[in-house]
Structure formats: C-alpha cells, structure tokens
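Fit chain S to the supplied structure of chain Z, relying on the hints for placement.
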Amino acid sequence: MTMILAVGLLSACSDFFDQVPNDRLSNTKIFETKSGTEKFLASVYTFIPDEANQRMVHETTLSRTPGPWTAGCDEAEYVWGFVTSHSINNNTFTAVDNLSGHLWKSWYIGIHNATLFMKDCHTSDDVTEAEVTQWTAEARALRAMYYFYLFRAYGPIPILGEDIISMSASYDEVQLPRNSVDECIDYIVSELDKAQKEGLLEHVSKNALGGSATNQIGRIDQTIAQAFKVQALMLKASPLFNGSNSYYSNLQNVDGKKLFPEGVDKIARWQAAADAAGEFLTNYENKYYNLEIVNTANGKIDPLLSYRKALRGAYSSITAYKELIFYRIDNSTSTMQYDRTPYHKGAANADYRASGGLGATQEMVDCYFMANGKLPISGYAADGKTPIVNPDAGYVETGIDSTSAYIDPVSGVEYAPINTYNMYRNREPRFYANITFNGQKWLNTKNGAFYTIFENKGNSGKTAGVNDYSKTGYVVRKCAPEGGWGVGDRVNILMRLPLIYLDYAEALNEVSYSANQTVILHYINLIRERAGIPQYGTGDNALPVPADQDAMRAAIHAERTVELMFENVRFFDVRRWNVAKATQNKAIYGMNILGDKEAFYSRTKVEDRVFQDRQNFFPIPQGEIDVNKKLVQNTGY
Amino acid sequence: MTTLVMLLFLPALSMAQSSTFSINLNRGTLKQFFSAIEKQSDYLFVYVDSDISNVTVSVNVSNKDINETLDAALKTTNLEYRIEGKNISVFKAAADQDKATKGQKKRITGRVTDKNGEALIGVGIAEAGNLKNTTITDADGLYTINATVNSTLVFSYVGFEKLQESTRGSQNVHDVQMSEEVNALNEMVVVGYGQQRKISSIGSQSTLKIQDIKTPSASLSTVLAGRLSGVIAVQRTGEPGKDGADIWIRGIATPNKSTPLILVDGVERSFNDIDPEDIESLTTLKDASATAVYGVRGANGVILIKTKPGNIGRPTVSVDYYESITQFTKKVDLADGITYMNAVNESLSNTKKAAKYDQMTIQNTYNKTDELLYPNVNWMDQLFNDYGRNRRANVNVRGGSQNANYYASVSYYNETGLMKTDNIEDYNSTMKYSRYNFTTNLNLKITESTKLDIGTQGYLGEGNYPTVKSSDVYSSAMDISPVDYPKMFFVNGIREVPGINPNGGYRNPYADATMRGYQAVTRNQIYSNIRLTQDLSMLTKGLNFSTMFAYDVYSYESVSQAKRESTYYFKDKNTPYDENGQPILNQTFTGSSDLAYDKASDGNKKTYLEASLNYDRAFGKHRFGALGLFNQQSKTIYPVNTLEASLPYRMRGIAGRATYSFDDRYFAEFNIGYNGSENFAPESRYGTFPAIGFGWVASNEKFWEPIMPYVSFLKFRYTNGTIGNSEVSDRRFMYLAQYVYDGNFGYMLGNTNNKTDGVRVENDAVDLGWETSHKQDLGIDFKLLNDDLSVIFDLFKEHRTDILLKRNLSIPGFLGYMSDPYGNVGVVDNQGFDASVEYNKKFGKDWLVSVRGNFTCNEDKWVENDQPTQMYPWLSKKGTNVNGIWGYEANGLFTQDELDANKAWDALSAEDKAANKKPYATPYDNLQAGDVKFNDINGDGKIDAYDKKWIGNGDVPKAVYGFGLNVTYKQLSLGILFQGTSGAERMINGSSINPFKGDGGSGNLYSNIYDRWTVDNPSQDVFYPRLAYGSDEVDNQNNFTSSSWWIKDMDFIRLKTMQISYNLPKKWFSGMGFKNVSVYAMGSNLFTISQFKLWDPELNTGNGTSYPNNTTYSAGVNFSF
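Residue numbers (the working numbering), protein chains in the order written: chain Z, 12 to 648; chain S, -6 to 1114.
This is chain Z alone, in the form it adopts within the complex:
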C-alpha cells in the first residue's frame, strides 16, 4: 500500500529532480553567439606556449604549454629541485612522467579545438563571412603549429586530419599509428600554405575586418605561418630527420612502416627550407620586419641598447617593434623575471630582490665572442673543464682588473664595473645583455646602483639565498627587467627576425656554400653588425671570411648559439644537428659558488649531465601506448 502511495508521490512530484543548472554551456550554445565563437577561438589560441614560465612545466593547467627548453640543455640550470628540466639533464625522464603526458595532451586538445572550431564557427548569424574565413584560417594555422610543436618534441606523431573521434570510441577506433616524418612535415606545411592562401591576414597590421589598425595584434598572420613553414622545413632537412641519424632507422610502426626517411635528397630538403626562408625575407623583410637599431648620439649603432630593445617586447608599445615575428601577449613575465633577477639580499627595494634561480652555465659564457669578434676558446681539454684558449682572441681567463671599468668603445656605456674579473672584460655587447656575472651592476638603477655578488657569502650567494641562488655563479640576464621584477608589460617573444636570417644562412650553406656565400654572409653580418662586433670580410676590423662550408657551418652555429641564447632554440638545435651527444653528454660548469673572493673564480663542476640517443625526443606518454597499441614508442624508452 505504501508502495502504491509512494510511487504515486514519486510520479506526482517528478519535478523534484528537474532542478538543473541552466547556466550550463555547451558547444551548441557557445557557437550560437559571436562572442562565444570568439571565446572558442581564444581557446584554440591558448595552447601557444608561454615560455616565460619554464619553472613550472610539470604542474600547470592544460592550457599552459611551456617546455623545459632553457634549463633542459646546456644553456642553464635551475636551482630548485622540483623543476622538471632536471629529469631531462640526468636522463631519468620517462614515458610515465607528467611532463610527457601534459604537453602531449595539451597540444592535442588545441588540435581538437581547432578542428571543432573550423566545423562550427559559421553557426552564429552574427559572425560575418569574412570573419569565418579569417578565423578558420587562423584555426587551421594554429592546428598546424601544434602539430609542429608535437613533432619537434616527440618526433613523428599521429595526424588526425579533419576527424573528431568520439570520446566513447571503441578500442578499434583509437588504434592510430604514427605518421612518418615526411608525412608530418608535409601535412604541417600544406596546412600552413592553405591557411595563408585561404584567409590569414598578410600581417596583423593589415586589418581586413575593419576596426582599429592594431586590434589584430597577436593573431596568426601569413608571416607567422611562413615562419613556421621555415621551422618545419628546417627540421625536415636537418640531420636528425633527414636520414643521417641511424639511431632511428629502425623506428617503425607495427605494420613495418619506417617513420624516418632513408636515402633522401638532403640538398633538396635544405633547398626547400632555404626557399621558404627566402620567400619570407623577400616578401616581408623591410615591409614589416627589420632588426631593431638604436643609434648613439653620434649616429652609430648602439649594440647593447639595440639588442636589449629587440628583446624588450613591451606590450604597451608593441606596434613600434620591427623585429618580433611571433609572440604571446599574455604570459608569465613576472615568473621569468623572478628567475632572472638575482637574490640581492640587502637591497633596500624589493623590486631588486628575487631569486636568480636560473643560472647560466660557464659553457654559455664561453660562447660569447670577444669584442674583436673572435671566439675566446676553441674547446675544452680532456678534463672537460679546462678551456683551450684561442691564442689570438685576446681572452684572459684569470685576474681582476682593479684599474678601470670596461667601457664600450662605441657607445661609451660602462659594460662591466671596476674590479671585474678579466674573463668578463672585452667581451661582445650581447654578453653584457645576456649574462649577469659576479660583480656586475644590476640593470635596475632606479633606486641606486646595486652590484650582484654570487660568492658564497655574497648578496646573491648560496648562504644568503638559502634556496634561491644560482648554482653556476651566473644568472640569465636576457629579458631581465630594468624595473621591478614583478612588473609586467612584456610579451613573451617566440620568434625574432634573426631566427629567419640564421635559418636562411644555414640552409643555403648546406645547399652550397660557394654558390650562396654572398647571401649567407649578408645575413650573418647583419646580425653581427647590430651586435656591435666585426663582420666577416667587411666593415671595420673585418674578420676573414670562413674558408669552406664546414667553417661557415661552425660560424653560423656559433652565431646562432649566441644571438638566440635562452630563446628556446638551442635545445632543439643540438638535437637536429646531431651534436647533442657531444655538447650535452658532459658535466656543466660554473664558478665556485661555495667560495668567496678569489676562491669563487674557479671553474667548478655544477653537475654531471647525461645525453643518450633516446633523449633526442620526449617519450610518447606510456598511457597513450597502453591504449593505442599501434602507437610505437620512441627508440630507447
């Protein structure tokens, strides 16, 4: 009887459970409005990496995709134990680490979102056809970029195309093999081509949709798509991917399909990369892009200010920059600046005091040219520590100069204060822009000059900082602020024009040094001129032109290392050049941070590092392989 009564009650008040949160969004709802469509587009964009926060690459929300690039190669070392770059440096990074799973998943979400957006963005009546066209092209370009990022980190990966696979797909539907290197790159390039042709703005300053002239800033335009094309083709041409690396010759899918090419025309690949870079420069150099130049009062290039301006990237005056091709507007600037502003115990103003947790290595310090344009050292003795000094470079390894400060002969700017160790004198301007060394004056002088001391008991040493100090006795200075470390107004620079110059020079040199010498030298010398150092075969104190292809390659690599240091390039360069086993499988050095005064200035091992072949790529996340039995793991994991 109660049952009958109760059942009656249940049906009588069936609205008891009808309360639902009616503010729920759904894909349908999102694409019904223009603002929803724009928001969805923002969540296609959001997976562009914010490389300013490389400290927390392991525990971030899915929208954030920075990588461990700077401290995960011989450029730098983080002091904090929790930073995941350590697992790369000691080869303990495995397929079950969160880092592997996180980036993989994030960029595939970006890919999923882009595909979804392209399918649905025309839904709202308020979105114009022109908008649909442009935004679709942007989503297409972004999707290709995310494939590029995946490819660069994981090697060849599965390409999903236009398919959206259901969440409740069966086991069989998710058995997708990896595509080959060539298939991946060709797909990326063709998609970027398509996006360029079918709707991308030529440049963000050209506003096809009306409105203010600058409201398109940050969007993917044809120049950015072209720059990514160059990057993709450079990878395809590079030794790691062009069949020169035998380690991957047996990496094949379950069905026996080889993932890496064999016996291909390497020259043609370099030519394709050179063509893409050349196309970029032909179409966009001077029209949209030039190197930043700041002149001194007497009309000469001020190299330090020019270089620092190029790397400043102030959002508030972003349209005034000529050198930035690709950047992320909102980013973790203060995190980056906290890493790069030393501890500075005792500084009265908190703007000066941060952590200095990102220490640059001695190896990077050694890479900077002397003011005379020559490399200070040519390598290391068998102990891996003692430098082999270039006899004619004028490099002095030891001693302190207590007589004078080091003044830039061109600008008259003080580059290093009095009592600077000789190693840090007479170096090229980019050194002073990129490295904070012991005794250097801090950038921020708004509340008075402050000198950074990394010695054990110094203001930024291990004793003072306890757990905030540099493990190398140097701190990365590039992009460090002249104001307080907590002040933003800085875009995260992801590609600058010199990258294309250097790509172009490298590709042309690989095609043929003799045939392309003039063009190669032109672009390398542009960089060196701006950097304030003698050029090859031209200008004041000209250096001899590199004799052959190998010498030119070395010069290009050296220039690239210095110019793009700490800009997330070297991590991939040492891999694609197949040189990582030589440069990364060894200890990194710094100064003796447990010593004071003279004892500090002693090359000291910071940590042993390991590079084995498998470390060319991240491991494919184990969880993916567990589900998708056709997804083969990278060799060595």
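In short, the hints are calculated from the structure, not lab data.
Bear in mind the structure is a predicted one, so any value in this text is a computation, not a measurement.
We treat Cβ as the ideally placed atom computed from N, Cα and C, and that holds for glycine.
Misleading hints may appear alongside valid ones.
Partial chain Z-side listing against chain S, Cβ under 7 Å, derived [unchecked claim]:
no., residue
1, Leu36
2, Gly92
3, Ile340
4, Val477
5, Lys641
6, Val643
What follows is a set of in silico ranges between Cβ atoms, one per label pair, in the way DEER data are often shown [what the hints assert, rightly or not]:
no., chain 1, residue 1, chain 2, residue 2, range
7, Z, Asn401, S, Gly932, 42 to 52 Å
8, Z, Glu209, S, Gly932, 50 to 60 Å
9, Z, Ser260, S, Asn746, 46 to 56 Å
10, S, Pro569, Z, Lys608, 16 to 26 Å
11, Z, Ser328, S, Gly497, 33 to 43 Å
12, Z, Lys396, S, Pro569, 37 to 47 Å
Quick look at chain S alone, frame taken from chain Z:
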C-alpha cells in the same frame, strides 16, 4: 488452521475497539479463546506455563468486561490470570499453596530501582503462591504490599529480568534493584527505518550502548575505535574541535566516497558534536540486508544513532561533570643544534663539499656563549605547553507520565589545546573549543492510538585558534633548523621576529603560533524532527502509520585578524651588537604589525520527509512484518559561487521490507530500496536495490535440548543483496556537460589589454548509473556457559561493480578531450570477517566481571580499474588494494663493492656490455655507498618508472580490534579498553624526515638522526641512508624517491581508556535528596605500543606535521536526584 484463516479476515469485523467482549466458545482450545480476546482488543496473552495449550474451555459471554470474561472462561480450569496493562499472564494456580500460613501477613514496603538507582514505575509485584496478591510501584518506585510471612515476592517489569525477594526475617523494608533483561525474547534491536526483535534480526549489525561511555573529547566519533566490530575508525588529530575520527565500515571498496551513511534519529546528520550523554544507542548496519533499504546511500554501511527518549516516571535529574588534563600522546622529538650541525657537515662531506658550520660555531653553540648569535632552539618546546585541559558538564532531566514524557539536557564542553600564546599580544589566540549543547525529546500520546515525538537538538560551538593552521605551524618547525635564528630578538626591549628569508620562507614557528593573529570560529547547528505515529489497528491489527519531518540548519562563521610581522636578522654577524649591547639588526622580510580583518562563513539547511506503513503481527507461531516507506531529502549549501553548487542536493526513494518468522526458529527477510539521484539522466535516474536474508535459530529446535546446557543459543544468518553509491567527490549532474568560460584558457588579441576568455571543459556529459555493491554475509551467533559467553561472527564478501572512475587511463590524450569523463568502469572485491565476543559473569553477590573483544579485518582489491593492458604486469593495479602505495622496491643500501662492480661494468666495451648485464641498476649515475638500492624489476639495467610496483597497503588499517574488561565489586568498578590496528602502512616523507631534502638543504631533523648510514658505520640496519645536502643531490633524489625503504608499519595497540568509578554508599548522602552519587577517574590513550616511534601512528601525516592526539586524565562526579 481454520482459526488462523478466519483470523486473517476478521479484522474488518472488529474495527470498533471494544472494552467489552462477546464470545461464544464451546469446548474450544484455550488458544482459540485467547485469539478471540486478542482479536477484539489490544490485550496480549503471555503464557507463563507452556503446557496449558491443551486445556479446553467453554465460555458464553456477551458484553462482559475482561475480568468477567476471563473469570468465566477459566473457572473450570486450575488456571489463574493477572492483567498488567495490556498484558495478560495466565498461569497455573499454585497447587502447593501453604494454606496454614495464610492469613499471617505483614506489610512490606520498599523501592524498586534500576541499577543506576533510577526509580522504576509500574513494576508488578506479586506474592509467589498467591498471585492474586499484587501491587505496582508508584511514580517514585515505591510499593506497599501485605504479604504472607516467609513468602517470596516476585518483581516483574517489561524489559527487566524477573526478580524474587524473600520476605523472611524481621525486616519490613525491601529495596530491590532490577537489572535489564539481557536476552529476552522481546529484546529489540535497531534496524534500518525501525526496530526488530533481536532474535529475528538477520542483517549484520552491531550496537554500542553509549550509556557507560564517556569520551574526553568533543567528538563522539572518537569513541568508536575498538568498540564495535566491523568499524574501522582512525583518529587523525587531537586538535580541539577538529578531532573527529575517519570512519569506514568493513573497509574500503571504492575510490569514491567510502565513508558510511550516518543517521541521527533517522536523518542524515553529523554526530561528532552530539554530547555522548544524550545518546541512547549507536548501531552500525553492515551488510546488504541491513542497508538495502537505504538504497543508493547505503553501500558503505550505515551508522544509526538514537538520542535518548523520555521515560515514564518522576523527573530525575542527572548531573555529570568532569575535568581533565590533556597531554600529547607523542610529541615529535627533534634533534638539538649540535647534532644538527654535525649532521649537516657530514652530509656535505659525503659529497666532498666544505663544511657549513665551523668548529667554533659548534663549540660556541655547545657552550651557549651567545644564544642569539649561536642559537639552539627546540622549536617543539617553544610551541607547546606541557598540558592542556578539558571539562564537560551535563545536566539532564528525564521523566513524564503515560501520556507525555520527556528527556531534556544541556551540556557544556570546553577544551584548551596545548599551543602556546604570547602574553605581549593584545588579542587572544589560545587554542580552545567550547560547545553548548541542548537536546529535548518529547514523546506525547495524543490519543490512545496516536503518538507524537518531537525532538530538537543543537549546539553552539565556539573555537578559537591561531590564524596559522596548526599543521602549518608544525610544518614551519620542520622546515627551520635549531640553529638558524633564535626564538626572538629584543632590541631596547622591543621585540623583533627573527627571520632569514626575504620572501618569507623559513618562517619562525613560534611567531606563527603566537604572533600571527587569531581566528574565532562559531558553529551553530539545530536539528529538529517531528514524528507522528498512528496506530492503525482499526484497519488491521499490527498496522501503524508513521511520518516524520525534519529540518536542520547549520551555520559557520569565522572572523580572523591576521598579520605577518617583518623579520630581522643580524646585519653583520661579525659586529652583532652596538655599544649598548643591543643587537644590530637588518630587516629581512617586510611584513606588517597591523592586524588585517577577514571573515568567512558557510552553512547549510536540510529538509527531510519520511512516511511509512508498518505491519507486525504474530499468528501463533507465524509472525509477519512489513514496511513500506517513502523518503526524500533536500539539502542546500550556502553561500556558494556557482549556480550548480547552489542547487539543493536531492535524494528520493522508497524502501520496503517484508519479514517472516516461524516459531522463532526460521526467519526470512526481504529488503528493497528504490532510489533516485540527481547525478543521472532522467531515464536512468532510479535504481532498485534488493536484498534477501535467511536465519535459523538452531537452538530453538527440539533436537537441541540435549545440547542446550552447553550451547544455550545458536543462530545462523545469511544475507545477500545489492546496494548502490552515486556519489563522486567532484561532480554533480553527470549527465550534463560542464563547460565554463575561463581566462586561463583564453588568449589576448589586439592592443586593448583585454584577454578573451576561453572555454574550459570541466566535464563532458556522460550517461551513467550507480556503483553497485553486491554484498553477502554469513553470520553465526552463539552463546555458551549459560549465556555468559556470547559470540557473534560474520564472514562478508563484497563485489562492487560499475565503480565510477575518471576514464583518464582508457581515453587516449590524442583524441583531444580536455576532461576526464567518469565511467562505470571499476570493479573491486572486498572480503573479510568481523567478530565480537562478550563474557559476563557474576561471582558471588558482589563481583561482576565482563570481558569484551571485537575484531574486524578486510582485504580489498581492484578487479578492474580502467587500466589498459600494461607493459609489465606489476604496473597494473589489478589485484592490489584500493588505497595502495606505489614506488620502487628497496633492496638495502649500496656497498662500495657493489658500486665498484658497476664501475667495472661501465668500463666494458659495448659488446661486453651487451653480453653482460649491469650488476646493479641505478636510477641515477654517481650514487655512493650508503644510498638506497632498488630492484630492477624488469631487468633492463635501468631503474625507472617501469620498475615501480605496489609496495604498501596505505594508511587505512586492514584489521582493527579492541578488547576490554569491566570488573565491578560492590560499588566499585573498573573498566579498561585496549584498541589496536594492523595492516596500516605509510610512506613517510617530507621536511625533516627526509634530512636536508629541501632546496638548499633546508629542513630540520628528527632526534633519531643518529640512526643512519655513515662511512664509519656502514650498517644496512639503519633508519636513514647516507646523508646528502640539498634537493639537487642525486643521492637525495635517489634516496627519498617513493620506495619501500620509507614504508613504515603503523600498527599499534593502545590503552584507549581506563576508568574507575565508585558509587558512594547511599547512607552518606541519604536525606540530602540524592538518589545516586558516584565519582570516577578515567584516562584515555594512556599508552601506545607501536613499532613506529616518531609520532602517534594514528595521525595522517608523512612527516609528523599534525597536531597530535591527546592523552587525557580526567576526574569527575555524577549524581542524580
């Protein structure tokens, strides 16, 4: 049989409740006669003698009252009868009545009380052999009877054992004390949505009578450990007002909500803040049969708490008061400064680094030359007082008449924690918790057939704490070394907080505890319920209708004032003092001395409605029972930030039960719950949860008689059924997608500095259903030694399927879905047993001994967990327990020889390397002797994630047990209870317990740091491996990674309580109006035996940073009048 059939259809005819009878029976059996009476009235017959059923009677009455009717029927028999309320006893007239002494009578008076000295009202008193001579006690429990000299008086009272008192001797005053019936046929037990006769109960349940239990804690849940079989209770902290225990019933069988449903007076409520004095009983329902009626809520077991109802009698006021002092069960013991510095230096020298502390510093610290410059602070001593205290007072009154009775109580509880305060501060950060409780239960009989029960309870809890959480204070004491800075600086009498980190790290623990402000917390709770019960005998006998409505409100308010003062340290340690001897300090961290105000609040309200029809009736040896029940609950939490969270949490269902028993030998029961949950789509919203049970009381069989003297009771029970669970921790309305606009997933375009929000998919919509728990229980109850020893034993087995798991293992990431949707994909098996044993024995007149023990153990394991086939079998969770710990398998510490063997291998050529396995795999290069060595499970020469496996149980015990003893000698009684757990394992890690593992080598040390591997003592049998300094040392990364080296056994046994009480002799306070006065002393957590020595093993912490549990010593008094 015909009679029976007839009776079944009779009710309709006898709807009018008559006080007169019309019966025409010619040579019918006595039983037929009784049935006729029962049918026409409320009267129930109680057969005193069993052989009267063959007696035949003839009766022909019409409209006679009960006495006339009975007289008429029994006049031809040798039977007599007595009417007590609605019970009619029929017995043989005493044949051997001594007629000679008839007439010699004397007046006997006295008072009848229960064992607590409470008056018993309405006790029937009869003279043996002259059973018509009866009387009953009055409202004061007093009686007067004119009884034959040298006769015996028989005292009988429902629910109490019959008692005989001889009237021999000259004494005319006979006070008697009756004790409650222990094993009466009619003893009732609490079951889901009602009560059942104990003998007929088949479901597995255990009951705790709270009356004797006092707990020197604000939280009632702390009393459960070791007292109830099947219950796993662990107390995670002793912090005042926050010390509720974690409770599970029969272990864990799901990664989702695994805690039991707790009902107070039938409504889902918390019972932590109920005063123990107000509780009548606490029952746990463990198997499917007992919990199926709770449907979707019952899968993890149910705890039913009943507060005290009123009773009939003159108001009795009881007062209980105690006062306790508290102490930590175990305070963590940290290393002193000298030990610390030497260990630091050793750890540095182990990796060939220069010493951090020079000998002069160590010597100066040792000599205490300057305790500001060379501090040596035991932070634990600076944080905590040696003693705290608590006190509790409860006053309650209970009484009433047949038509209205009541229970009302007020209590006050107050506890002060052990954390220190600083007198200089002008606020009060004393850690304390006060609570005021009230309870009133009113039972009204509105008409003969209508009862109304009204209950209201509530409390006001007021807590005061330092603003920094106690666990954070503890953490800061674990982060800072004893030698970094002194406790406090004073410069010209002005206090300055020492500190070294400009970002505020390495906080001063003393300042954290005393100088950071206070938080005042108020918690208000009102529980109210009203129940109407209508006897529907007019429809059919044994039927009643009951409905309850409950309304609960709760609010929480917190106000705090917080600050963080600037910190200072010596500007230059070489010139630390000025000419006046005052320290010259430099500000290291910029804080503020201004207290910043903050507030927080939350609350909830809940309504609950229940309506049921109950039927219970016996027909001869057959007994039927049925229950049909509807309930619904709606709970709103506020304030909340989303619309979704603001919607009431709703639950609705119906429940049914049918029971049948035959002759108290065979029992069968069917239970069913039918529930709906908001989590599921409308078409799959409701689920059905049936359970069936059978019981057999073998000892009631005829053939048992010869065995009866040895085994006085034996019962078998078996139940089988399913119950559900719909709750997951982070999701409501699973059938709806959850997309939100979120700046983190957005992007900035254009130059307007406006970020466009992006779309974050919190959850995609999934169409799911319940977790289903299939439970079986096989139980046996028996009693030996004349009922003195009773044993209850249950085997249980649970198979839980469709467990709601996030499918982050089976949906590959490359599909590009942001959310990990739930799926009904998990399967867990859980089995075990629980048992309780009780032995009660009276020795002589004065001694009463009772011994109790209980044991619970369970074993759970994953059968299916959504994990695809793993690369190696040991990577699969299948077959391991739900709460397991994973990591490397440690295999001792490296010796130099082993590392040398590795070196030799490293030097081999590539071919030789390929041919010979590396002798010892390592996860890092450059390990040293004394570092932890791991097993290379997959044998690939590398230690990496593929070598991680299940290495431990986790912190929830596999077995819990308790045993205790109560001895009463005259007025003195002693009770002790031991409680223990086994199978709990914990991976210890964190600051201090992992020496120098912090960045830059930070962290304090435990005093057991001496127990370590050193070059001079390369022992394998040590607590700590080789020391290294700093998070970046590969040794530290290797040694402190999750491995079995750090798995510690958290088993313990402790003297949970010990209590001595003494009932003062009545003559001491006679005439003062007191009925009963007793004094008592008790202690709790008096000692603990555990292999684990560093902190209280019950705490939920990996490195001891939790406010410890308390040992309390209490003294109290209890009296009633």
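Legend entry - leucine 36 of chain Z as an interface hint toward chain S, with CB separation required under 7 Å: Holds, because the Cβ-Cβ distance from leucine 36 of chain Z to chain S comes to roughly 4 Å (cut-off 7 Å).
Inset, instruction - Would you check whether valine 477 of chain Z satisfies its interface hint, that is, whether its CB is within less than 7 Å of any CB in chain S? - result: Holds, about 5 Å.
Legend entry - isoleucine 340 of chain Z as chain S interface residue, shortest Cβ-Cβ below 7 Å: Cβ of isoleucine 340 of chain Z sits 4 Å from chain S, so the hint holds.
Legend entry - Hint status (Cβ of lysine 641 of chain Z to nearest Cβ of chain S, threshold 7 Å): Violated: closest Cβ of chain S sits about 11 Å from lysine 641 of chain Z, beyond 7 Å.
Inset, instruction - Could you see if the CB distance from proline 569 of chain S to lysine 608 of chain Z stays within 16 to 26 Å? - result: holds (22 Å)
Inset, instruction - Hint says 33 to 43 Å; check whether the CB-CB distance for serine 328 of chain Z and glycine 497 of chain S agrees. - result: holds (35 Å)
Legend entry - Verdict for glutamate 209 of chain Z, glycine 932 of chain S (Cβ pair) under range 50 to 60 Å: holds (54 Å)
Inset, instruction - Mind checking the hinted window 46 to 56 Å against the Cβ distance between serine 260 of chain Z and asparagine 746 of chain S? - result: With a Cβ separation near 51 Å, serine 260 of chain Z and asparagine 746 of chain S satisfy 46 to 56 Å, so the hint holds.
Inset, instruction - Using Cβ atoms only, decide whether valine 643 of chain Z comes closer than 7 Å to chain S, and label the hint accordingly. - result: violated (12 Å)
Inset, instruction - Could you say whether the range 37 to 47 Å given as a hint is met by the Cβ separation of lysine 396 of chain Z and proline 569 of chain S? - result: holds (40 Å)
Inset, instruction - Could you say whether the range 42 to 52 Å given as a hint is met by the Cβ separation of asparagine 401 of chain Z and glycine 932 of chain S? - result: holds (49 Å)
Legend entry - Closest C-beta approach of glycine 92 of chain Z to chain S relative to 7 Å, hint status: holds (3 Å)
Hint violations for this structure: numbers 5, 6, all remaining hints satisfied.
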